[in-house]
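J.: With chain A held as given, fit chain B onto it using these hints.
Take a look at the letters that make up each chain.
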Amino acid sequence: MRAQKSTYFLLLLFVFSACAQDKNPINKNNSYEVVVEDLTNPWGFVFLPDNSMLITEKEGKLIHYKNKIKNEIKNLPEIYVRGQGGLLDINIHPNYKKNGWIYFSYASPKGEEKGGNTAIMRAKIKNNALSEKELLYKATPNTTKGQHFGSRIVFDKEGYLYFSIGERGNRDENPQDLTRDGGKIYRLNDDGSIPNDNPFVDSKGAKKAIWSYGHRNPQGMELHPDTQEIWTHEHGPKGGDEINIIRKGKNYGWPVITYGKNYSGTSITDETKKEGMEEPLHYWDPSIAPSGMSFISSNKYGDWKGSLLVGSLKFSYLDRCDLKDGKVIKEERLLDGIGRVRSIEQGPDGYIYVGVENLGIVKLIRH
Amino acid sequence: MKNLSFSLALIFLVCACNSSDKKTDKNSLAVNYVNQNFSEGKEIYNDFCAQCHMPNGKGMPKVIPPLAKSDFLIKNRLESIKAIKYGLSGEITVNGELYNSVMAAQGLSNKEIADVMNYISNNWGNINTVLATEKEVQNIER
Chain A
1 MRAQKSTYFL
11 LLLFVFSACA
21 QDKNPINKNN
31 SYEVVVEDLT
41 NPWGFVFLPD
51 NSMLITEKEG
61 KLIHYKNKIK
71 NEIKNLPEIY
81 VRGQGGLLDI
91 NIHPNYKKNG
101 WIYFSYASPK
111 GEEKGGNTAI
121 MRAKIKNNAL
131 SEKELLYKAT
141 PNTTKGQHFG
151 SRIVFDKEGY
161 LYFSIGERGN
171 RDENPQDLTR
181 DGGKIYRLND
191 DGSIPNDNPF
201 VDSKGAKKAI
211 WSYGHRNPQG
221 MELHPDTQEI
231 WTHEHGPKGG
241 DEINIIRKGK
251 NYGWPVITYG
261 KNYSGTSITD
271 ETKKEGMEEP
281 LHYWDPSIAP
291 SGMSFISSNK
301 YGDWKGSLLV
311 GSLKFSYLDR
321 CDLKDGKVIK
331 EERLLDGIGR
341 VRSIEQGPDG
351 YIYVGVENLG
361 IVKLIRH
Chain B
1001 MKNLSFSLAL
1011 IFLVCACNSS
1021 DKKTDKNSLA
1031 VNYVNQNFSE
1041 GKEIYNDFCA
1051 QCHMPNGKGM
1061 PKVIPPLAKS
1071 DFLIKNRLES
1081 IKAIKYGLSG
1091 EITVNGELYN
1101 SVMAAQGLSN
1111 KEIADVMNYI
1121 SNNWGNINTV
1131 LATEKEVQNI
1141 ER
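Chains as they are written, first to last, in this note's numbering: chain A, 1 to 367; chain B, 1001 to 1142.
Isolated chain A (complex conformation) (with noise of 0.2 Å):
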């Protein structure tokens, strides 16, 4: 009888969790080998020519990977561990093999109010330490707050940056209005001087960075091997996670327009459309707590080819959408399990990496 009634109740709650899950089936037929061991929160990582990595630990460590080795590197800048903040994401500059530019997000407690918010700085690295440092952009204003710090950078084909910051838990003040910092992309040169054409740059008391607002949390963002275009992802709120494609000046309406609700259950609005402001290409309800981004360019995964992978931190799998005129047709689970998928990136060899939190970075195998 015991025993009955304790299947019952697992039954329950399986059925009760089976139901917090999202629909897309599970493809089996992949597997992955790991190639970093022991990682913590590998929030980002990049390949250098050599084919050695760099490997940002979220506490606060970036990692160069060589010969099966980790090296600390050192003279990193005051980080701000809390919440979701502390060392972000990490790029090297298009042109990294003859000018040496990493460039790297993380949240800083600079400035004078409590609390930090992200910053993006570019350096060298000489002697396993940073040198000729130069921060590039620094939000403000601080805050104690431990939500949404955005973080992603990426390059676009002329050599502009782009990088994403979270609305810092302050939706109702950040995300809609020019003049602060948060639920924007950013857009500046290399050097982190601002663009002549940037959508901002006469409006008064805007910051001039901006390149697209009315965001919540951008944590996926890369270069459409095709078309060039920006793609991003955001976390929604319950049940609105996004993508988007990120074009100059537009509004991509968070919290005026969401399929989503606060996570308590509560309405946030019931507008999903306004004019003047952009929809998703995609929403995920229940959400899957997107991070990471990347399109399969290479011919190393046959039909794969032109997927766009995104990692769930939520559900533990890294998405593979099917696109079809700039749509997702079709989602399947790849990796199943595996953990919270932090980040992917495709290697210069034409595989697949998935940072993935607790486990380490991992190479996609399809059988």
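Keep in mind that a hint or two might mislead.
Listed below are the simulated EDC-like cross-link pairs for lysine to aspartate or glutamate, each with C-alpha atoms no more than 20 Å apart in a straight line [as the list claims (entries may be wrong)]:
#	chain 1	residue 1	chain 2	residue 2
1	A	K114	B	E1040
2	A	K300	A	E332
3	B	K1085	A	E59
4	A	K248	A	D226
5	B	K1062	A	D336
6	A	K114	B	D1047
7	A	K238	B	E1043
8	A	K66	A	E33
9	A	K238	A	D270
10	A	K261	B	D1047
11	A	K114	B	E1043
12	B	K1082	A	E59
13	A	K238	B	D1047
14	B	K1111	A	E113
15	B	K1062	A	D22
What the hints contain is simulated information worked out from the structure, not anything from laboratory work.
T.: Coordinates of chain B only, in the frame set by chain A:
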């Protein structure tokens, strides 16, 4: 016992005297507890904890242990505060269920840790009248 009643009476008296300028005696545990609405701890909880442990404190089946009516939280005060302060990983059993996840330290101040500890241990049916203090948290080592 007599002493206690006497000091309680005194505390109430002090409290009453100060009520005009709305000050409460923060050094007194008893008064502090009665008047506590744990709003500071609640704010920290919603900001740093609720996304995983959920607004109702029930966590997520098999992945995130509950705080609501959690035997671990109620019986392991020291370990609980330590977990908030330094993070927690490895297997733990909560209400008979085994969990093996990782909770990262959130970078909270000692005062914030005490506040959130007091909120979670006095919410969702949990009761803990001996409130954690900033000093207690400060003295807890890894």
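J.: Mind listing which of the numbered hints don't hold for this structure, in increasing order?
T.: Every hint satisfied by this model.
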